[in-house]
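Below are the chains, spelled out letter by letter.
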Amino acid sequence: MPTYTDMTRCDGCGECVDICPSDIMHIDPVYRRSYNIEPNFCWECYSCVKACPQNAIDVRGYADFAPLGHKVRVLREPEKGVISWKIRYRDGRLKEFTFPIRTTPWGSIKAPSDYEAPDLSALTSQMLSHEPAALHIAALPTINKKKA
Amino acid sequence: MFTNNPFAALTDFLPPLVVQVYIVLMMLAVVIGTLFDVYHKGSAKFFARRRAKSDAAAQRRPSGGETFSLALETIAEAAVSGEFCKWPRRISHLMMMYGFFLYLITTVVMIFAYPAGAPTPIILPALWTIGALMILVGGLWFFFFLRVNVAYDGASPFHLGRADLFIGFLLASIAFALLWHFVQTGYHNPTASRILLGIYIFFTTLLFVSVPWSKFAHMFFKPAVAFQRRVEEANGSSDLPRPSTENYIVRS
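Top to bottom, those sequences are chains G and W.
So the first sequence is numbered by the numbering used here: it starts at 1 and just counts up by one.
So the second sequence is numbered by the numbering used here: it starts at 149 and just counts up by one.
These aren't lab readings, by the way, just hints derived from the structure by calculation.
Among the hints, a few may not be true.
Taking beta-carbon pairs under 8 Å as the criterion, some of the chain G residues facing chain W (in silico) [unchecked claim]: (1) I27; (2) Y31; (3) N55; (4) G69; (5) K80; (6) E96; (7) G107; (8) K110.
For glycine and all other residues, C-beta sits at the position ideal for the given N, C-alpha and C.
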């Protein structure tokens, strides 16, 4: 089910080119809008569909999988931490689902390089890197090695 | 440079009527080019089909007042380039758009209202120069740093393709307009001035004549698409899910 871009909606921002794990979303040399250069290699991950700020990308179902007008549309709202899906079945029924995807602001997760490097004593700790602070909790239970 | 009508010097060797006819021809080229573009890409058919599909799937009919309000919202969005999600592209686009309007309007006013060296209010050439500089700054910023094929697709900043017809001819036309005006007012070299004028006219003609092949027409169809999208959201025919009413961002 390869992706395709609605060229009238696309504003050529490049988010889909950036996020595509197969590197098949590229920029059309004539209209400078995105397009799928190799539909056969698209694995329908929906990354570009979710990332497109203009909702210009959709996934075209193959006729044997999704005949007669089946459609799946998605709307990601990072500012609310929500993703919503709208499914149109081949018999015309519509279903909508909304799921929370995170509870912290978009972009607030720090990269490992943004943290201070741990000292060597951390090697003997039962905590993973930057726990428990990174989990926003005061403490985590630990195993008493003597009892164990 | 900011105070002289750049087109006043044209009357030394060209009757004002010739310049006025040239402007009218360029306007006609834009109209014909846009209509041809709409015809050969089938954009009008596409819009009509999409509209019919949207009407058929509509859950409610927006009233006349609501539709008018949607049109106003679309114009307001287009006026501030609100459809762009990234601020550098938005600012460069706004600079080019308002620079182009300033440049175009002052050019038409100076050529039609103040021909044959009639005294021109200082504000007109000043706005003409400011408009041209805004296009140049916004355009060069866009061309070298913000073009999506350069910023995201690995193309060289000097890459030229068909998608660059509009921006390329626009930048060339404006750069030579400013150079011509600068040489005209600063150096008084008639030969250099005429050569630069020739190059300026050459690129300006290409800019308007290449409308069917360039991205010029997008300034007309983009607002039409934005309006249709708003109508689809209002009449319930949009295929996108409804925006969530809940906010799950509860931690900082």
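Evaluation of the provided hints:
The beta carbon of G:I27 is positioned within 8 Å of a beta carbon in chain W (closest approach about 4 Å), and the interface hint is therefore held. Residue-level restraint check for G:Y31 holds (minimum Cβ-Cβ distance to chain W is 6 Å; threshold 8 Å). Given the 8 Å rule on beta carbons, the hint for G:N55 holds: about 6 Å separates it from the nearest Cβ of chain W. The interface hint given for G:G69 is violated, since its Cβ lies 11 Å from the closest Cβ of chain W, which is over the 8 Å cut-off.
Using the Cβ-Cβ criterion of 8 Å, the hint placing G:K80 at the interface with chain W is satisfied: the shortest such distance is roughly 5 Å. For G:E96, the shortest C-beta to C-beta distance to chain W is roughly 5 Å, which falls under 8 Å, so the interface hint holds. The beta carbon of G:G107 comes no nearer than 11 Å to any beta carbon in chain W, farther than 8 Å, and the hint placing it at the interface is violated. The interface hint given for G:K110 is broken, as the beta carbon of that residue sits about 13 Å from the closest beta carbon of chain W, more than 8 Å.
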